[in-house]
Amino acid sequence: MAEDGRDVGHLRALLHVSRLVSAGVRGEELLLAVADTVVRAFGYSVVLNLHQPAEQVFEVVVVQGNDDARAAMLGSITSEDGWRKVLDPRFETEGCYFVPAGAFDWSGYPESTYVPELEPLAHENAWLPEDALLVPLRHSDGHLLGVLSLDEPADGMRPQASDLAVLSGVAAHLAQALESAEAAEAREVLLRQLQEAERTVRRQSQRLQRTVRERTRELEMARVETLQRLALAAEYRDDDTHQHTERVGALAAMLARGIGLSKDEVAVIRRAAPLHDIGKLGVSDAILLKRGTLSGREQKAMQAHTTIGARILAGSQSEVLRVGEEIALTHHERWDGNGYPRGIPGELIPISGRVTTLADVFDALTHTRPYKDVWPVQQAVDEIARLSESYFDPQVVQAFLALDHELLAGLRFGPTPELAGRG
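Position one of the sequence shown corresponds to residue 773 (this note's numbering), numbered consecutively onward.
It should be emphasised that the hints constitute simulated quantities derived from the structure, not laboratory data.
One should not assume that every hint holds.
[Unchecked claim] Quick list of the computed label-pair ranges, beta carbon to beta carbon: (1) R971 to Q1170: 54 to 60 Å; (2) A956 to E1091: 50 to 56 Å; (3) S1056 to Q1150: 31 to 37 Å; (4) E990 to K1035: 45 to 51 Å; (5) S940 to E968: 38 to 44 Å.
[Stated by the list, open to error] Calculated pairs, EDC-like style, for lysine to aspartate or glutamate (alpha carbon to alpha carbon, straight line, at most 16 Å): (6) K857 to D877; (7) K1072 to D1057; (8) K1035 to E990; (9) K1062 to D1145.
Quick reminder that beta carbons are idealized off the backbone N, C-alpha and C, glycines included.
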């Protein structure tokens, strides 16, 4: 009956450990609970050696059942090779390793730092002070997670096969929990690594995006500058003062502000309007500089400067060049639809084209060209007022008429610093 009670107690211990693992008890709480269960149910003192992957050693992390042993052994370490040597198949029974006194040299092991002082029983199967019972904790792939080292059995006897079988079961449940914890930690480490990698990639991506934006901006600025210089080159061919494009840009910006466009829109028009005649690069000097009336064929060739300019400026990412493209194409369109190249009327003409049209005509009227003499400012103002609703957008004309005439007169000699800064 005593044996039956002993076996029942062992099985209850196994069930208790199983429930602890199933309940998700982890870490030091689980290790102490399992060690305490073995002490109470099997009567052994318990030393738990646990693998420390970072250092590749086994460390004594729990000692239960003997305070002196705890003081002597806690924190001691053993190499991986050391445990491989002692877990010799010749000592194995039911998954446990019983090492009889004198069968193994324990020098260098934590177990050598504490040998209990006990008087062996007068029995052939009595436990001797230098006996050792080791229960390995193995990962499902076979590698060693830890070792339960048991000593000082309460009954003073060496273990029976039935004891070893149950202890193997206890070790299997504990190993399962350790494996799960190891996997969870590995996942956590991997997650942290992935998060750090993601942060690194994000930082690199942001740096790259900034670099790309900066380089793109530099390239676009270089392209805008190149095209502005080309526009000046076109202007030099029929305007000795080479100020026409700047005057048109300054006046177009003032008109854009006058009709209520935003500060950013005004700034873009200020830079884009000077590109309006860049297409004249594609018109021959014979036509561009001709005095007198152009023939029908010559007139058609001159009008082509609008579409040529649009093609030169097309396809850019730059807002300035995109607006410059629509200005180049539409600055000879009329409010009544009788302009060129497409003959589009009213608000179908982009607002950038409408303000540049008026600015271009005013500048042409008030400056000498190969085909005309200069007009006084007031006469030019009156002419633009007369052409409201036919040639020009009435709203743009109103903004023009609201401008100070002295300001307009100043445009005859190029945009002053005050005018150049407007918009």
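Cross-check of the supplied hints:
no.	hint	in the structure
1	R971 to Q1170: 54 to 60 Å	holds, 56 Å
2	A956 to E1091: 50 to 56 Å	holds, 53 Å
3	S1056 to Q1150: 31 to 37 Å	holds, 36 Å
4	E990 to K1035: 45 to 51 Å	violated, 24 Å
5	S940 to E968: 38 to 44 Å	holds, 41 Å
6	K857 to D877	holds, 10 Å
7	K1072 to D1057	holds, 15 Å
8	K1035 to E990	violated, 22 Å
9	K1062 to D1145	holds, 14 Å
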